[in-house]
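Chain by chain, the residues run as shown.
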Amino acid sequence: EAQVTQNPRYLITVTGKKLTVTCSQNMNHEYMSWYRQDPGLGLRQIYYSMNVEVTDKGDVPEGYKVSRKEKRNFPLILESPSPNQTSLYFCASSPGQASRHEQYFGPGTRLTVT
Amino acid sequence: QKEVEQDPGPLSVPEGAIVSLNCTYSNSAFQYFMWYRQYSRKGPELLMYTYSSGNKEDGRFTAQVDKSSKYISLFIRDSQPSDSATYLCAMNYGQNFVFGPGTRLSVLP
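If you read the protein sequences in the order shown, they are chains A and B.
Using my numbering, you'd call the opening residue of the first sequence number 4 and step up by one each time.
Using my numbering, you'd call the opening residue of the second sequence number 285 and step up by one each time.
Looking at chain A on its own, in the form it has when it is part of the complex:
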């Protein structure tokens, strides 16, 4: 089954404790993105990657890191999480740059930072 998977689905952590949210897709997509979803604000792009080893900042990159060492994986790293990063996070993938608007989303990771 073609899909985007994220792990963990739920995470409660404390301020300053480094964490990684994994994202993997099995559709051989080139383009991948991370978003956060907050009530009343809509989805906001954190980082995106047009291909392996090519990443760039989205609208809200502060406090986040990403890497793209393999085509299928695009982990999101919070090196020192803070309470304002409590949110619902989604990973998405698209076939390529020309079809970046055709995004397939993962199931989401609900993060709480205390």
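Just so you know, these hints were derived from the structure itself, not from any lab.
Incorrect hints may appear among the rest.
[Said to hold, decoys possible] Residues from chain A shown here face chain B by an in silico Cβ test under 7 Å; the list is partial:
id	residue
1	GLY45
2	PHE93
3	GLY109
Remember, it's a predicted structure, so these values are computed and weren't measured experimentally.
Cβ atoms here follow ideal geometry from the backbone N, Cα and C, with glycine treated the same way.
Given chain A, work out where chain B should sit, using these hints.
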């Protein structure tokens, strides 16, 4: 002014009704216009996308884009209880994606 405005609802309609969902936007650079459906505790699912102005139909769903008015719509015909979800509009130009906050729709049997 927000870049994309969308009425959050909730919108309740009886089964079989025609539903109209709308977004307005301010940036004339947007080229692609998308509609996503998001069920509770799930990720958004792409319903349709349109490039530039015009209409696009897919089954019971019709998307309309009016770039001159900076206004997009999604129509759902013969609405079903399974259409109950939050509907997100989204817009894209270059590497920029902007999503509306979503409209929560309930279709009552």
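| request: Return the status of the interface hint for A:GLY109: holds when the least beta-carbon distance to chain B is below 7 Å, violated otherwise. | output: Hint holds; A:GLY109 Cβ to chain B Cβ min 5 Å, cut 7 Å.
| request: Closer than 7 Å between Cβ atoms is the bar; does A:PHE93 clear it against chain B? Give me holds or violated. | output: The hint holds - A:PHE93 has a Cβ within 7 Å of chain B, the shortest such distance being about 6 Å.
| query | Holds or violated: is there a CB of chain B closer than 7 Å to the CB of A:GLY45? | reply | Holds: closest Cβ of chain B sits about 4 Å from A:GLY45, inside 7 Å.
This entry satisfies every hint, going by the numbered hints stated previously.
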